[in-house]
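J.: So you can see what is in the structure, the chains are spelled out below.
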Amino acid sequence: MSGFQGAGMLLAAKAGPDLPAMKDFLPPQILFQGTPFAINRIILIRIVATIVLLVVMSVTASRAKLIPGRWQSAVEWLLDFVRTNVVYQVMGEERGKRFVPMMTTLFFTIFIFNLCSVIPGANMAATASITMPLVFALWIFAQYWVAACREQGFFKYLRSELAPAGVPPLLLILIAPIQLIEVLLIRPFSLTVRLFANMVAGHLLVATCLAFTQYYLVDAQNALLAGAGVLWFVGGMVFTLFEMFVAALQAYIFTILGSVYISQSYPELG
Amino acid sequence: MDIVTLAEVSGNISVLGYGLAALGPGIGMGILVGKALESTARQPEVSGRLQTMMFIGLGMIELLGLLGFVAFMLA
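Chains A and B are the protein sequences, given in the same order. Note that UniProt numbering has the first sequence beginning at 1, numbered continuously upward. Note that UniProt numbering has the second sequence beginning at 1, numbered continuously upward.
Note that these hints are calculated values from the structure, not bench results. Treat the hints loosely; a few may be bogus.
What the hints assert, rightly or not - Using C-beta positions, here's what the derived DEER-type ranges look like: (1) A:N123 <-> B:L6: 42 to 52 Å; (2) A:K23 <-> B:Q43: 43 to 53 Å; (3) A:I130 <-> B:L6: 35 to 45 Å; (4) B:L64 <-> A:L174: 20 to 30 Å; (5) B:S10 <-> A:F154: 51 to 61 Å; (6) A:P28 <-> B:A7: 33 to 43 Å; (7) A:I130 <-> B:L64: 10 to 20 Å; (8) B:S10 <-> A:L170: 51 to 61 Å.
As the list claims (entries may be wrong) - Some chain A residues well away from chain B (every beta-carbon gap over 12 Å; in silico): (9) S58; (10) R70; (11) Q72; (12) T84; (13) N85; (14) Q89; (15) K97; (16) R98; (17) P164; (18) T240.
Positions of the beta carbon are idealized from the N, C-alpha and C atoms, including for glycine.
Whenever a hint applies, use it, and build me the whole structure from the sequences.
T.: Next comes the structure, spelled out in structure tokens:
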């Protein structure tokens with residue numbers, strides 16, 4: 001600790017490292033300023049990522065062969081993973097069939113958007129502002145209400161959610177409001193916050209490591225501090241890999257929780 | 001009588017708050033993963049199903065930690 005402080009005093013004249021802050025997530029508008037269609041950096045990343053995803057998937061689909069190559073089998077493995085391990089695992093094949101396209105879209109979009117946080121040049125997850133996760137969550141929200149209305153009817157679904165079977169009538173006074181808030185607010189809110197906060201935290205972590213790397217290795221111009229800079233650099237690389245893992249994990253958790261919510265809209269299996 | 005300042009805290013105390021908020025989810029996550037591993041060892045044939053359930057629980061637990069993070073950002 002004292003060594004760190006001593007080193008800090010040596011450099012007292014220099015400005016500190018360029019640490020990331022919340023303003024990174026509210027970048028200035030760069031196109032169509034002042035209109036409702038104003039585009040900032042994060043929205044631009046979203047558009048580019050969507051186009052790249054669409055082009056890559058269309059090209060892969062149009063060149064699909066009976067004996068898949070390496071790339072095609074990777075894509076097929078992912079598609080199969082979403083269908084079998086996410087949707088069918090939770091909902092079963094019969095009910096899950098109609099939700100496979102939706103969940104596949106969600107999984108791939110969220111995965112690619114999250115992955116933008118480690119792609120050089122983008123360096124910011126397209127899901128790192130609250131609107132995008134909110135749109136995904138509202139999609140799930142709409143789907144499970146629509147599924148409930150179609151499969152059980154609105155009031156029957158509401159009754160089965162608010163008054164779970166086997167709960168004593170007196171306890172319903174407590175349970176029913178909690179369940180109502182859960183169905184209306186907590187589900188979409190938790191989906192949104194989980195994805196958004198994960199991406200913000202990941203970006204802050206990686207950017208902090210790399211900011212210290214830049215400061216100690218380049219700006220400080222001190223051979224003693226280069227060691228600390230190398231350590232920060234290693235940390236930055238490790239967290240970059242961790243971010244890639246988190247990108248996939250968050251896409252998985254988002255789709256699997258979405259499937260769980262939708263499958264709860266269906267009547268209990270007899 | 002003068003007030004003597006012996007120690008001063010600079011920065012934001014919500015950093016400590018986030019540390020506290022991460023404690024509970026940490027314990028919960030440990031129990032969750034430990035139990036999932038235990039059940040997989042007892043009955044390896046249901047490991048796929050258990051893994052799905054584990055990730056659902058993981059999502060819930062993770063949210064608790066992240067709510068602390070959001071509160072920390074808002075502070």
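J.: Check each numbered hint from earlier against the structure, then list the numbers of those it violates in ascending order.
T.: 12, 13, 14
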